[in-house]
Amino acid sequence: AALKDGLRSQVSAALKEGRVTPTELCQRCLALIKSTKFLNAYITVAEETALKQAEESEERYKRGQPVGILDGIPIAVKDNFNTAGIETTCASNMLKGYISPYNATVVQKLLDQGAVLLGKTNLDEFAMGSGSTDGVFGPVRNPWSYSKQYKEKSVPKSHSEDSESNWVITGGSSGGSAAAVSSFTCFAALGSDTGGSTRNPAAHCGVVGLKPTYGLISRHGLIPLVNSMDVPGILTRCVDDAAVLLGSLAGHDPKDSTTIQDDFKPFELPNLTDVSKLSIGIPKEYHVPGLSSEILALWSKAADLFKNAGAKVVEVSLPHTRYSIVCYHVLCTAEVASNMARFDGLEYGHRSDMKDSTESMYAATRREGFNDVVRGRILSGNYFLLKQNYEKYFVKAQKVRRLIANDFVKVFRSGVDILLTPTTLSDAAPYTEFIQEDNRTRSAQDDILTQAANMAGLPAITVPTALSERGLPVGLQFIGRSFQEKQLLTVAKWFEKQVQFPVIQLEEVKRHDNSVFQHQKSASFS
Amino acid sequence: QKVSVEVLEHLEHLALVDFRDSEGVQRLQKAIQFADQLHEVNTDGVEPMDSVLEDRWCLYLREDDVTEGSCTKELLENAREKVEEYFVAPPGNIPLPKLEERETFLQGS
Chain H
1 AALKDGLRSQ VSAALKEGRV TPTELCQRCL ALIKSTKFLN AYITVAEETA
51 LKQAEESEER YKRGQPVGIL DGIPIAVKDN FNTAGIETTC ASNMLKGYIS
101 PYNATVVQKL LDQGAVLLGK TNLDEFAMGS GSTDGVFGPV RNPWSYSKQY
151 KEKSVPKSHS EDSESNWVIT GGSSGGSAAA VSSFTCFAAL GSDTGGSTRN
201 PAAHCGVVGL KPTYGLISRH GLIPLVNSMD VPGILTRCVD DAAVLLGSLA
251 GHDPKDSTTI QDDFKPFELP NLTDVSKLSI GIPKEYHVPG LSSEILALWS
301 KAADLFKNAG AKVVEVSLPH TRYSIVCYHV LCTAEVASNM ARFDGLEYGH
351 RSDMKDSTES MYAATRREGF NDVVRGRILS GNYFLLKQNY EKYFVKAQKV
401 RRLIANDFVK VFRSGVDILL TPTTLSDAAP YTEFIQEDNR TRSAQDDILT
451 QAANMAGLPA ITVPTALSER GLPVGLQFIG RSFQEKQLLT VAKWFEKQVQ
501 FPVIQLEEVK RHDNSVFQHQ KSASFS
Chain X
1 QKVSVEVLEH LEHLALVDFR DSEGVQRLQK AIQFADQLHE VNTDGVEPMD
51 SVLEDRWCLY LREDDVTEGS CTKELLENAR EKVEEYFVAP PGNIPLPKLE
101 ERETFLQGS
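As you go down the protein sequences, you meet chains H and X in turn.
Residues 1 to 526 (UniProt numbering) are what the first sequence spells out, left to right.
Residues 1 to 109 (UniProt numbering) are what the second sequence spells out, left to right.
The set of hints was computed from the structure by calculation and includes no laboratory data.
Treat the hints loosely; a few may be bogus.
Chain X side only, calculated, beta carbon under 8 Å to chain H, not exhaustive [what the hints assert, rightly or not]:
id : residue
1  : Ser4
2  : Leu28
3  : Leu59
4  : Gly69
Calculated Cβ distances over 10 Å to all of chain H for the following chain X residues [what the hints assert, rightly or not]:
id : residue
5  : His39
6  : Glu84
7  : Lys98
Owing to the predicted nature of the structure, the values given are computational and were not obtained by experimental measurement.
Just so you know, even glycine gets a beta-carbon here, dropped at the ideal spot from N, CA and C.
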């Protein structure tokens, strides 16, 4: 089995048949993490516990009693999910040294199914950002920066310049998770998605990024940003794997009262061959200024792909699209202002030495613990929540939210099954270029295509589509109806099969996978 | 329409977070400007939306049964200052120093 293999058909089978053992798999991933340390994808590597989990998994396989398809599979978790006994920092000074006393429900579910938790991945501080560049542990580097495909296309400006200064961002805020999956150090990773934080880096790193319907997967233990929009996100190398992860995570959690009570039935994705009954909607407002001509062309090509295969492809309108980023800005900062109030230094996390009074201790702790981005959002949020502003901004934004959600309802009611849109405005920017603009500006630009799905609570998935002129991944997004993940993923899987996105060619991975190198097939394998 | 120093100070007090420098204040100004675009949208007769799950009646009440707890030790572990089973805080009921006496950027405004 190779590190590049997909979960369902290859690795799981290999584990069952004993062609590879969980400890071997775990060790190889750990070694690869070490040799790809320059990516800065991981904040904490839980080597000891991972190996222990792998050993336990091996025992189960020996007895012929693996828990399920995830038994022994190495996974990574974004560092804003609580993991018992393992540091959870949210890439912030505020939580440096904080050892969670419990597992987030999604983490517990993965562990219960025998998954091996390799470590916690890097992110923007408190998941605020679209680059994974604003965390206290430094920025995450996109593995594609070091790929043969990117290097071949980059023209060095001078002899001395090399990939050191040329590297591109992962996108964010779940950049570490995306980089980890993309560089083969794990088979799947958890991210979070509030405005696109799973889909954006997935698109930039050439992996599948799924944002499930709000209310499908428990948020218990996910350190909250925006309670009415946050969802745990799933990052994998192929759509089938995303379905596997979804199956093991979805379902009502009594500890999260915002999870729906309906029974969730895990599903296997059918191999769709006939798309003639499908109606694909192309929202015209997603043709935003700033959308690169390359991505526009790919989007168009994808629409044609469906049309030529017999599907009905129609232009639709989501008239309030251009206000959704503004609406998000207000609601997000307002909820952030509330959610960040818990960080006061008393019960956990950083505590200032200031002792004069409770309030001054809180103020000093928060001054020391939060970066500018977080503090900026807290202050903005508090402004919008002031008595004199509450109706004008917060309630107004809630009304606009309804209009945005209704836009989608109308379109889906008109017979459209799935929406097809770009995920990002362009391919990944070089880090030096990305940091020229501040976080808020970047987020406002980069979230534009992804965050309406969070406003409406709809499921959305980004599928790696093609490489750009610069040799970097570009993804396209599918948005589905509430709780219709099966249909969404089925269509995504069909699309994935059509586009045959290339496998990243990384020197590091080649070296590690030399021994049992099955075939350099695409990561999609249905 | 700039935000007054009184409001800025009020925000610092409410948020217990300070505008470290003029950039911080400008950031707020830009954020307000950005948010003002909302007023272009006609929302007459539109109800505010609290949750996308409003139709599904998610927020239920459960029976008042104790299902977990007794984790005092775990909960105290992450606190820096504690005495027996108490989190220790500096004296309360002491207001933050006035603007003139505080070390805040706003003092200069």
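Quiz item: Which hints, by number, does the structure contradict?
Solution: 1, 4, 5
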